[in-house]
Amino acid sequence: DAKTTQPPSMDCAEGRAANLPCNHSTISGNEYVYWYRQIHSQGPQYIIHGLKNNETNEMASLIITEDRKSSTLILPHATLRDTAVYYCGTNDYKLSFGAGTTVTVRA
Amino acid sequence: DAGVIQSPRHEVTEMGQEVTLRCKPISGHNSLFWYRQTMMRGLELLIYFNNNVPIDDSGMPEDRFSAKMPNASFSTLKIQPSEPRDSAVYFCASSPLRDSSNYGYTFGSGTRLTVV
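Chains as they are written, first to last, in the numbering used here: chain A, 1 to 107; chain B, 1 to 116.
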């Protein structure tokens with residue numbers, strides 16, 4: 001499994017876009033990139049995933065670089081309820097998580 | 001759908017005692033995963049099952065840990081004997097078997113284990 005690297009923390013203003021980076025330079029060709037978030041001590045919540053192409057759903061957008069060595073999760077309009085730890089991970093046949101980024105959305 | 005159900009939510013036990021954590025996956029999901037979360041090591045995959053069969057247990061820390069999945073709707077993670085360093089939050093997750101690398105896992109709410 002590829003090792004992922006994320007910044008430990010970041011702040012974001014409410015209503016603004018939050019861009020969360022992740023490096024996965026050792027990712028293999030069949031590994032998917034996944035993003036989850038964890039609020040307080042709840043179980044991780046699935047956000048989005050992708051292999052090569054950029055993806056968008058009702059929660060977020062995922063931008064994967066052409067060489068697949070890094071990705072960015074975009075929360076288009078951050079709200080206070082988006083304050084959480086965001087985990088980037090990779091999955092070939094099992095999902096491995098990075099250390100996560102603590103995102104604090106401020107009013 | 002009730003989601004992935006774990007019990008108990010909290011467990012406090014004395015060192016040396018046996019601890020059993022339980023998980024009920026989402027109906028129809030054929031892959032089940034046990035994770036452990038600590039401040040020091042983050043989220044670690046302990047073991048996972050496909051169709052009730054253990055596929056990869058390389059994350060199980062030592063022989064004191066064992067996991068079973070006797071049927072498609074139930075799994076247990078047992079620690080015997082427990083030690084203070086086993087204190088952590090243990091999560092269970094499930095996913096459809098079909099190409100599980102291309103499908104998100106659904107996690108339970110976790111069991112917070114404290115060994116004193």
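Be aware that a few hints might be false.
Below are the SDA-like pairs computed for lysine to any residue, each with C-alpha atoms no more than 25 angstroms apart in a straight line [as the list claims (entries may be wrong)]:
#1 A/Lys94 x B/Thr13
#2 A/Lys94 x B/Met39
#3 A/Lys3 x A/Glu55
Source of the hints: derived by calculation from the structure; they are not laboratory data.
(message) Can you confirm whether the C-alpha distance between A/Lys94 and B/Thr13 stays at or below 25 angstroms?
(response) Roughly 31 angstroms separates the two Cα atoms, so the pair is violated.
(message) For a C-alpha distance cap of 25 angstroms, please report whether A/Lys3 and A/Glu55 respect it.
(response) 21 angstroms, holds
(request) For the pair we were handed, A/Lys94 and B/Met39, check the Cα-Cα distance against 25 angstroms. (result) The hint holds at about 21 angstroms.
In this structure, only the earlier hint numbered 1 is contradicted, and the remaining ones agree with it.
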